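Note that the working numbering has the sequence shown beginning at 202, numbered continuously upward.
Simulated from the structure, these hints should not be mistaken for laboratory data. Certain hints may be false.
[Said to hold, decoys possible] Taking lysine-lysine and the DSSO-like style, the derived pairs with C-alpha atoms no more than 27 Å apart in a straight line are:
no.	residue 1	residue 2
1	K243	K335
2	K243	K230
3	K243	K204
[Claimed, not checked] Restraint ranges, calculated between C-beta atoms of paired labels, are given here:
no.	residue 1	residue 2	range
4	S341	H222	38 to 46 Å
5	W340	N217	38 to 46 Å
6	R264	Q223	40 to 48 Å
7	V334	S305	27 to 35 Å
Computed from a predicted structure; not experimentally measured. From the three backbone atoms N, C-alpha and C, an ideal C-beta is built for every residue, glycine too.
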Amino acid sequence: MEKLLLNGITGFTDDNHSPPHQVDGHLFKELCYYFARDNHGKVNNVSPPQYPANFFCAHVEMRDNHFYILLNEVYPYLAFASEVGFEGIAFTNSPAAVNEPFSSHYEIIGADELNAPFHLASLKSTDLNSAEVKQISFWSPETIGQILFNYWD
202 MEKLLLNGIT GFTDDNHSPP HQVDGHLFKE LCYYFARDNH GKVNNVSPPQ YPANFFCAHV
262 EMRDNHFYIL LNEVYPYLAF ASEVGFEGIA FTNSPAAVNE PFSSHYEIIG ADELNAPFHL
322 ASLKSTDLNS AEVKQISFWS PETIGQILFN YWD
């Protein structure tokens with residue numbers, strides 16, 4: 202868990218830390234379309250991180266299945282979900298064959314790790330900046346996934 206909680210992961214920074222660079226959104230979009238095409242699916246849309254979201258989001262349809270591919274805006278952390286919305290994200294493991302185009306560019310984080318419980322006391326040895334700690338204290342996320350992929354403002 203601690204390895205994922207790095208400076209800027211939430212999208213917030215403080216005066217003592219410069220904002221980390223954003224990941225390449227064009228590459229993410231290309232990989233999503235490449236994956237969908239090669240698996241007889243389609244990408245309904247790919248949205249960039251827009252306030253208050255801190256992640257890219259691609260909505261993909263494969264046969265009778267639809268899912269979302271999420272990419273943190275700062276770190277190359279990729280996740281999958283069955284539902285994405287302000288009220289919450291339902292993280293899932295990657296559908297079969299999805300890892301192929303993405304694994305060489307991103308760290309794919311499974312549902313077990315994303316849905317792992319988060320406790321504020323575990324922040325003692327992370328690299329998070331003070332603005333992030335303040336946001337986490339305010340929003341009280343219950344899982345690691347709620348920190349890595351959030352709609353905080």
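For each hint, the structure was consulted:
1. K243 to K335: Distance ~39 Å between K243 and K335 Cα, so the pair is violated.
2. K243 to K230: holds (12 Å)
3. K243 to K204: With a Cα-Cα distance of about 33 Å, the restraint between K243 and K204 is violated, given a limit of 27 Å.
4. S341 to H222: 38 to 46 Å: violated (29 Å)
5. W340 to N217: 38 to 46 Å: violated (21 Å)
6. R264 to Q223: 40 to 48 Å: violated (33 Å)
7. V334 to S305: 27 to 35 Å: Since V334 and S305 have Cβ atoms about 33 Å apart, the given range 27 to 35 Å holds.
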